[in-house]
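Chemist: Respectively, the protein sequence lines represent chains W and F.
So in full-length UniProt numbering, spot 208 of the first sequence is number 208, and the numbers just go up one at a time.
So in full-length UniProt numbering, spot 109 of the second sequence is number 109, and the numbers just go up one at a time.
One or more hints might be untrue.
[As the list claims (entries may be wrong)] Cross-link-like lysine to aspartate or glutamate pairs, in silico, DMTMM-like; alpha carbons within 20 Å at most: (1) K152/F / D138/F; (2) K303/W / E156/F; (3) K303/F / E140/W; (4) K111/F / E156/F; (5) K303/F / D138/W; (6) K303/W / D138/F; (7) K303/W / E140/F; (8) K139/W / E60/W; (9) K303/F / E156/W; (10) K152/F / E60/F; (11) K139/F / D63/F.
Calculated from the structure, these hints are not laboratory results.
2 protein chains.
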Amino acid sequence: MTRIITVAAAQLGPIQRNEGRDVVVARMVRLVEKAHRHGANVVVFPELALTTFFPRWYVENLDDADDWYEEALPSPATQPLFDAIRRYGMTCYLGYAELAYEPDETGIMRKRRFNTSVIIAPSGEIVLKYRKVHLPGDKEFSKIRNVQHLEKRYFEVGNLGFPVVAAPVGEVERVNMGMLICNDRRWPEAWRELGMQQVELVMLGYNTPAVNQENRGFEAHHLRNFHSQLSIQAGCYQNATFGVGVAKAGTEDGFTLMGHSVIVNPQGEVMAMATSWDDEVIVADCNLAMCELGRTTIFNFAKHRRLEAYTRITSQTGSSAPELWQPNQAVTGAI
Amino acid sequence: MTRIITVAAAQLGPIQRNEGRDVVVARMVRLVEKAHRHGANVVVFPELALTTFFPRWYVENLDDADDWYEEALPSPATQPLFDAIRRYGMTCYLGYAELAYEPDETGIMRKRRFNTSVIIAPSGEIVLKYRKVHLPGDKEFSKIRNVQHLEKRYFEVGNLGFPVVAAPVGEVERVNMGMLICNDRRWPEAWRELGMQQVELVMLGYNTPAVNQENRGFEAHHLRNFHSQLSIQAGCYQNATFGVGVAKAGTEDGFTLMGHSVIVNPQGEVMAMATSWDDEVIVADCNLAMCELGRTTIFNFAKHRRLEAYTRITSQTGSSAPELWQPNQAVTGAI
Numbered sequence: 001m002t003r004i005i006t007v008a009a010a011q012l013g014p015i016q017r018n019e020g021r022d023v024v025v026a027r028m029v030r031l032v033e034k035a036h037r038h039g040a041n042v043v044v045f046p047e048l049a050l051t052t053f054f055p056r057w058y059v060e061n062l063d064d065a066d067d068w069y070e071e072a073l074p075s076p077a078t079q080p081l082f083d084a085i086r087r088y089g090m091t092c093y094l095g096y097a098e099l100a101y102e103p104d105e106t107g108i109m110r111k112r113r114f115n116t117s118v119i120i121a122p123s124g125e126i127v128l129k130y131r132k133v134h135l136p137g138d139k140e141f142s143k144i145r146n147v148q149h150l151e152k153r154y155f156e157v158g159n160l161g162f163p164v165v166a167a168p169v170g171e172v173e174r175v176n177m178g179m180l181i182c183n184d185r186r187w188p189e190a191w192r193e194l195g196m197q198q199v200e201l202v203m204l205g206y207n208t209p210a211v212n213q214e215n216r217g218f219e220a221h222h223l224r225n226f227h228s229q230l231s232i233q234a235g236c237y238q239n240a241t242f243g244v245g246v247a248k249a250g251t252e253d254g255f256t257l258m259g260h261s262v263i264v265n266p267q268g269e270v271m272a273m274a275t276s277w278d279d280e281v282i283v284a285d286c287n288l289a290m291c292e293l294g295r296t297t298i299f300n301f302a303k304h305r306r307l308e309a310y311t312r313i314t315s316q317t318g319s320s321a322p323e324l325w326q327p328n329q330a331v332t333g334a335i
Numbered sequence: 001m002t003r004i005i006t007v008a009a010a011q012l013g014p015i016q017r018n019e020g021r022d023v024v025v026a027r028m029v030r031l032v033e034k035a036h037r038h039g040a041n042v043v044v045f046p047e048l049a050l051t052t053f054f055p056r057w058y059v060e061n062l063d064d065a066d067d068w069y070e071e072a073l074p075s076p077a078t079q080p081l082f083d084a085i086r087r088y089g090m091t092c093y094l095g096y097a098e099l100a101y102e103p104d105e106t107g108i109m110r111k112r113r114f115n116t117s118v119i120i121a122p123s124g125e126i127v128l129k130y131r132k133v134h135l136p137g138d139k140e141f142s143k144i145r146n147v148q149h150l151e152k153r154y155f156e157v158g159n160l161g162f163p164v165v166a167a168p169v170g171e172v173e174r175v176n177m178g179m180l181i182c183n184d185r186r187w188p189e190a191w192r193e194l195g196m197q198q199v200e201l202v203m204l205g206y207n208t209p210a211v212n213q214e215n216r217g218f219e220a221h222h223l224r225n226f227h228s229q230l231s232i233q234a235g236c237y238q239n240a241t242f243g244v245g246v247a248k249a250g251t252e253d254g255f256t257l258m259g260h261s262v263i264v265n266p267q268g269e270v271m272a273m274a275t276s277w278d279d280e281v282i283v284a285d286c287n288l289a290m291c292e293l294g295r296t297t298i299f300n301f302a303k304h305r306r307l308e309a310y311t312r313i314t315s316q317t318g319s320s321a322p323e324l325w326q327p328n329q330a331v332t333g334a335i
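Model the full structure from these sequences, guided by the hints.
Modeler: Right under this line is the structure:
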């Protein structure tokens, strides 16, 4: 039986600060319709797809920012999106700011905030939830930045790990699906956690500024997109999976986010790429049988991975400098 | 003080099965001279640089293959190379097959074989030794391959971890250097082990067949080089390090190895690339200060890595399939 699914990346153009969810959701419904016309079984939206990228705005008291968050899915505002994916039998990845009332690590029930994504079945059921692990930026106002990036202020670090689920997509009975969010894609640890679960389709959304905002040298502007695609392509190749990276793009609240959403195959090849900075759908037929080659040969993990040599990856968080070699010392690394 | 070193990749053309080490070493000395004329402080040679890529040849009894290995460095055959790097004050990466007499894991002294590389100081002293961890291919003769790839037969898995050393190079007092060998470059775990030690220059040699030899579909020939560069570029970017990947290239014993040796900067950009399939030197001025940007911002490991979410990387070797989702079940990944 063939295992081909048609995947759509639904890139969003900018969402201005005062744009209502009703307008945004209407735009998303149009993109679902367009993805359906292109035969898609899966539609992937960006990170924080329902609002502007609000972590660029400093707030003193987070309780004043609750409007940016969702307390439930679906909600009256997002119901039309759920209706659309049900209508077209589509599986959907949606990124949003999550406001949850749940116990913290000490067992105390409280209001908690996460940068979250979900996989939604055509029925509207939530199949899988992920909360962003690699939050970039700062917790406090930064004086050296041109633009603030306050994800560490607005969100707690995700506490759900990197889950993968097998679920039906279109006619295919079982597709192994996992999620990343934005900055996660630069971290090979995140991809590997998914690869260890035989992921076949990694869905990830992002809001990435088109220029480095730290006023520091050595990074040409065009490398911003190169780094994004490099990380996605390497993650897909090294874990033998398809990947869909979806941008919120264009000039939002006066600041430019990069576009160039991509669909990548397990060989690391770009199958489709968005070329506007606006609402845009790209699609690709993904033959999941392609995941087998890498998984059973060069990246047959059981055959080739060597845990005894991976000593620092999970035993230390930060890096440490090596010893300085001295002439006439014993050879470092020799027995 | 500037921290600029000039790095040379000394690509080797093919070495035929019956070519003597004297001829090979003479070619390497020419490349050292050429690297010196280009102002190099460091010269990087390929994996198994002193012989043909012999793991393509099956032998029943490994003791019959001892001629492929080195028992000591320098040896009479390799002394001219050591003389050349001393003459020009150059630091050198050399890959070779190592025959060692040392205790195994059970404490018994025996003959052991490793796919090894060393960093040699201008004085001729061995600064650091590395033994290849990710051995590709098979231990036994494979009937499904066009060409054998018997590294798992010829070598034991490296037992020195992924060491990094700080040593002087040229006028720079302290350069953090690490090594990989061939297939290691495809494994983000290997790069990360080096990155955790603040590596600034990753040296790696390879012998990579120009076509996939497993008679299986889905991999266009041109992707072989793409995968190599993708892995090196991603490894450099994600660990904020320079990288030098050096090929043995061309048609060796009738089988083609890919070339396209590269020098890559911490932004993942290719600074220089070989374009012949023969002996060739490429050089690049590497400003080690470039490693700082990534290391202190987006890849500030201490600030951003989340060990508690890396649960599978070092707890399981092989991958395992995810659970199949059932409608109306609790949300996977939810609390």
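Chemist: Could you tell me which of the hints above the structure violates, numbers in ascending order?
Modeler: none
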